[in-house]
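Colleague: The residues making up each chain are set out below.
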Amino acid sequence: MAKNTSKTEKKGALSIKNVTKIYDPTGVNVMAVDNCSMEIAAGEVCMIVGPSGCGKTTLLNAIAGFHSITEGSIHLDGELLCGPERPKAEQSAERMVVFQHGALFPWKTLQENVAYGPTVQKALSPSQAMEKGGQMLAEAGLGNFIKKFPGEVSSGMARRAEIVRALINNPKVLLLDEPYRAMDALTKQIMHESLLETYDRTGVTIFFITHDLEEAIFLGDKVHIVTTRPCQLKKTVEVKIPRPRSYETQSSEKFRKLLVEVNDAVHEEAVKAFKAGEREMA
Amino acid sequence: MNSSANTTTVAPEGFNLFIYRVKKKFTGPDPYLTVAGVFLWLFTYWVLCEGLEIWRFTKLPGPVAISKDWFSTTPFQGISIFTAEYYDHISVSCQRILIAFGIATGLGVPLGLFMGWSRSIRDYLFPVIELLRPIPILAWVPLSILLLPGFEGPVIFLATLASFFVTTLNAMLGVDSIDEEYFRAAGCLGSSRWDVFKNVVVPGALPFIFTGLQISIGVAWFSLVAAEMVSGDLGLGYLIVDAYMNNVTVPMVIAMITLGFIGYFSSACVRALGDKLMGWHVKELAQQGR
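Protein sequences, first through last, are from chains A and B. In case it helps, my numbering puts the first sequence at residues 41 to 322. In case it helps, my numbering puts the second sequence at residues 7 to 296.
Heads up, some of the hints might be wrong.
[To be verified] Listed next, the in silico BS3-like pairs over lysine-lysine satisfying Cα-Cα at most 25 Å (straight line): (1) B/Lys-204 x A/Lys-188; (2) A/Lys-188 x B/Lys-74; (3) A/Lys-187 x B/Lys-29; (4) A/Lys-187 x B/Lys-289; (5) A/Lys-162 x B/Lys-289; (6) B/Lys-29 x A/Lys-148.
[What the hints assert, rightly or not] DEER-style ranges, computed between Cβ atoms: (7) B/Tyr-26 x A/Ser-292: 51 to 57 Å; (8) A/Asp-64 x B/Leu-138: 34 to 40 Å; (9) A/Asp-64 x B/Asp-182: 21 to 27 Å; (10) B/Gln-294 x A/Ser-292: 37 to 43 Å; (11) B/Leu-283 x A/Arg-283: 28 to 34 Å; (12) B/Asp-182 x A/Val-70: 44 to 50 Å; (13) B/Thr-33 x A/Thr-227: 49 to 55 Å; (14) B/Ile-127 x A/Lys-57: 45 to 51 Å; (15) A/Pro-124 x B/Ile-127: 30 to 36 Å; (16) A/Val-70 x B/Tyr-26: 38 to 44 Å; (17) B/Gln-293 x A/Arg-283: 55 to 61 Å; (18) A/Arg-283 x B/Ala-292: 52 to 58 Å; (19) B/Pro-140 x A/Asp-64: 34 to 40 Å; (20) A/Met-71 x B/Asp-182: 45 to 51 Å.
[Said to hold, decoys possible] Chain B side only, calculated, beta carbon under 10 Å to chain A, not exhaustive: (21) Pro-37; (22) Ser-150; (23) Leu-153; (24) Asn-205; (25) His-287.
I should point out that these hints are in silico values taken from the structure, not numbers from a laboratory. For every residue, glycine included, the Cβ atom is placed at its ideal position computed from N, Cα and C.
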């Protein structure tokens, strides 16, 4: 496969080792992540699936440097991001986050949003950044909307622009937290195709949290199913469907089989999570 | 099929857009309701004071008596649109408001932003501000007269103080209102702390700041008038008290109505400036159908 030959040049291998995170906002310790380990190869699309509130986002926040971890360590390409000595990773443009609710700055146009990263990092001059931002937006099919504010475009366009804003910084890893959650099925399809197209072009490592199992299998190289809180790796399913994938893939026999396999594992956890939720309410 | 699609209608711009908007506005009921509302109010006022001459209302000048004096070249009670004195009072009050509102905004907005931005600045200053804020402006009058010389000092001080608290608090709450994810996104993109302040804190807080400024200019007006009533030599507030003391009620009411108009106008200016600075916000609200 073409992917394997280029693996050596690719960057963005994430190694998550025995990570534990304990919150204590009310004096009662809540264990969000418990001794969770995962290896994500460079240039891999890694999908994280698990019940709501299980600690997936906590893991993402730790990688991005929004939160500290209590135990364990996370390495990126062999370099320590956070570990016992440094519980909180430093935020950096090599790990770009695309947020659940979308976080384009509403007071900047799409072009200004995309140009923001290179400008503040002083990688490009403001005018060069604007020019490159405009180009990249045009490549993503948003050429007519570069002067629009995020509030003026559809959620699908805003999400695509947000991914462009991330990619302009040449990140090693793209961290996506249920980015297509609130979208209708048709928009989602287009988003998936656009993300796959972007992936094929850039080969960036993708860490993608989702609840949508079909999305997970369709996009991912590996699907990591995690347990309900505290979050641990339960099962890894490898998706050996060749790329480029198209929408017909979803009706193939292989795809259906994988879906059943993933569904079995997730369903068990979802039931557990639901029962735990009932107990907490009672 | 394509030929009909090619005849595109050009969206109006500039002056044509303005004309379009005016036309559109007058096709709806809103402007007529406003006119009807004003007339109903004036009519009630006239009935009470001049039509039926209801008890106690006879002490007030009615709309006819007021407009006779207001638009007369030789006003019976001394104040009309043709007397220089009228404009002296207006300009003195306006100048004081400009100074007071300027100082309050210039100090209040940065202070509020910094308090919202930095935990330690907030811990340091917020309790003191919260302690001083509930003290009514009139309670500051003796202190300000003792502390500051002349007429101008205390009057401007009182108007500034009132509007400063409103502005500061709103700017701070504006920063609080910014979604945490914008800060995170800015961090990811490699912003320095100062970049975050310029690109997230300031624009993100703007909607709240301008809501605050609209309130604060109103607050500035009423504390200014209160201050002019207690300590002043000129100004619309002084005119009201002076007229009342001398038992000439027409200038008193003229000054009140004038204050209403100027207050309305100044809020509208602040609102217009806000809309101009926050095109993104206006468009966002428009998309939501507001």
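Colleague: Under the criterion of a CB-CB separation shorter than 10 Å, is B/Ser-150 in contact with chain A as hinted?
Modeller: violated, 39 Å
Colleague: So if I understand the rule, the pair passes when the alpha-carbon distance is 25 Å or less; does A/Lys-187 with B/Lys-29 pass?
Modeller: Violated, at roughly 29 Å.
Colleague: Is the gap between the beta carbons of B/Pro-140 and A/Asp-64 within 34 to 40 Å?
Modeller: Between B/Pro-140 and A/Asp-64, where Cβ atoms are some 36 Å apart, the hint holds.
Colleague: Starting from the hint 38 to 44 Å, judge whether the C-beta atoms of A/Val-70 and B/Tyr-26 obey it.
Modeller: violated, 58 Å
Colleague: When you check the alpha-carbon spacing of B/Lys-29 and A/Lys-148, does it fall within 25 Å?
Modeller: violated, 32 Å
Colleague: Look at the Cβ atoms of B/Asp-182 and A/Val-70 and judge whether their distance stays inside 44 to 50 Å.
Modeller: For A/Val-70 against B/Asp-182, whose Cβ atoms are near 25 Å apart, the range 44 to 50 Å is violated.
Colleague: Given B/Leu-153 as an interface hint, is its Cβ closer than 10 Å to any Cβ of chain A?
Modeller: violated, 41 Å
Colleague: Does 37 to 43 Å hold as the CB distance between B/Gln-294 and A/Ser-292, or does it fail?
Modeller: 42 Å Cβ-Cβ, so the 37 to 43 Å window holds.
Colleague: Taking 45 to 51 Å as the stated bounds, is the beta-carbon spacing between B/Ile-127 and A/Lys-57 within them?
Modeller: violated, 39 Å
Colleague: Go ahead and decide if the range 51 to 57 Å is satisfied by the Cβ distance of B/Tyr-26 to A/Ser-292.
Modeller: For A/Ser-292 against B/Tyr-26, whose Cβ atoms are near 55 Å apart, the range 51 to 57 Å holds.
Colleague: Is the straight-line distance between the alpha-carbon of A/Lys-188 and that of B/Lys-74 25 Å or less?
Modeller: violated, 54 Å
Colleague: Given a hint of 49 to 55 Å, does the C-beta separation of B/Thr-33 and A/Thr-227 actually sit inside it?
Modeller: Given range 49 to 55 Å: violated, Cβ gap about 36 Å.
Checked against the numbered hints listed earlier, the structure breaks hints 2, 3, 5, 6, 11, 12, 13, 14, 16, 17, 18, 20, 21, 22 and 23; every other hint is satisfied.
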